[in-house]
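Residues per chain, in single letters:
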Amino acid sequence: MKAKVYVTIKENVLDPQGSAVQGALHTMGFEEVGKVRIGKYLELNLDTSDRAEAEARLTAMCEKLLANTVVEDFRFELEG
Amino acid sequence: MKFAVIVFPGSNCDIDCYKAVEDTIGQEVDYVWHTATDLSAYDAILVPGGFSYGDYLRCGAIARFAPVMNEVVKAAEAGKFVLGICNGFQILTEAGLLPGALRRNSGMKFICQQTLLEVANNNTAFTSQYSAGEIIDIPIAHGEGNYYCDDETLAQLKANNQIVFRYAGDTNPNGSVENIAGISNVRGNVVGMMPHPERAVDQLLGSEDGKRMFTSILNAWREQHGAAVNG
Chain B
937 MKAKVYVTIK ENVLDPQGSA VQGALHTMGF EEVGKVRIGK YLELNLDTSD
987 RAEAEARLTA MCEKLLANTV VEDFRFELEG
Chain G
23 MKFAVIVFPG SNCDIDCYKA VEDTIGQEVD YVWHTATDLS AYDAILVPGG
73 FSYGDYLRCG AIARFAPVMN EVVKAAEAGK FVLGICNGFQ ILTEAGLLPG
123 ALRRNSGMKF ICQQTLLEVA NNNTAFTSQY SAGEIIDIPI AHGEGNYYCD
173 DETLAQLKAN NQIVFRYAGD TNPNGSVENI AGISNVRGNV VGMMPHPERA
223 VDQLLGSEDG KRMFTSILNA WREQHGAAVN G
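Heads up: the sequence lines are chains B and G, in that order.
Residue 1007 in the numbering used here sits at position 71 of the first sequence, with consecutive numbering throughout.
Residue 155 in the numbering used here sits at position 133 of the second sequence, with consecutive numbering throughout.
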């Protein structure tokens, strides 16, 4: 089973990278761009076919290591 | 008194920390590898700056799970002195020994410069040799030193007098909450800070204002141990 994990800076926490990219897009004439948030994308191959178990394990992985829940949110998708 | 300087793959201020102990207070000091499983021989643990595990994923995220960190947690719980500097601060927050998190600098740049700090709390084992409110000159060198905590945590930090250093005046280089440059745990035996006191122990380095952190630690340890040790 394949998992796609997305880690993003929390909405209420300043994302300097996102702000810098937003500024660059405006400078280039893409005025329609509102807020930009930059995050991390991870692909994990899981050796299991038990979806519920995979979700529980992924949540634990995200909370322990993949995201710092003080400043980051996470979500994931399972395929297969 | 015996110091451990923890060495992770990618640490690069370990030698500075070792030398600061050796040169300023002349106490025993060892490098301790990240795989170590016993820190019982040490009275103080220094978690140095650098780029542990290449800062992959997040600064300090992987180092926090190194075997030696279980022992650092035990040492902290036993009341031993633990000082995390720069990447060491990031590791201590990731490990949950200190609240909050370090984000990328608000200006996006890696900043390496002398910085003025205000000693916000001189009532700790790490800062007793400073005056309250004293302005000291300590260098910073970081890209992710922007301290963040939520409002509730900030209120607790203030209520417990856990803010140890602030960037002085309007000099905040990284956008940290309330100009915070360093904090302690509630008990006061664990301190994390982004500036580098170990790089300010001699005028040849541009400042010797970092010296008194090391003499403070030694004094605190001697007070705990009946001031019976010379050296």
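Source of the hints: derived by calculation from the structure; they are not laboratory data.
Just so we're clear, the structure is a prediction, and the values are computed from it rather than from any experiment.
Treat the hints with caution; some may be incorrect.
[As the list claims (entries may be wrong)] On the chain B side, residues computed to face chain G include the following (Cβ under 10 angstroms):
#1 948
#2 950
#3 1004
Positions of the beta carbon are idealized from the N, C-alpha and C atoms, including for glycine.
Here is how each hint holds up against the structure:
no. : hint : verdict
1   : 948  : 8 angstroms, holds
2   : 950  : 7 angstroms, holds
3   : 1004 : 5 angstroms, holds
No hint from the list above goes unmet by this structure.
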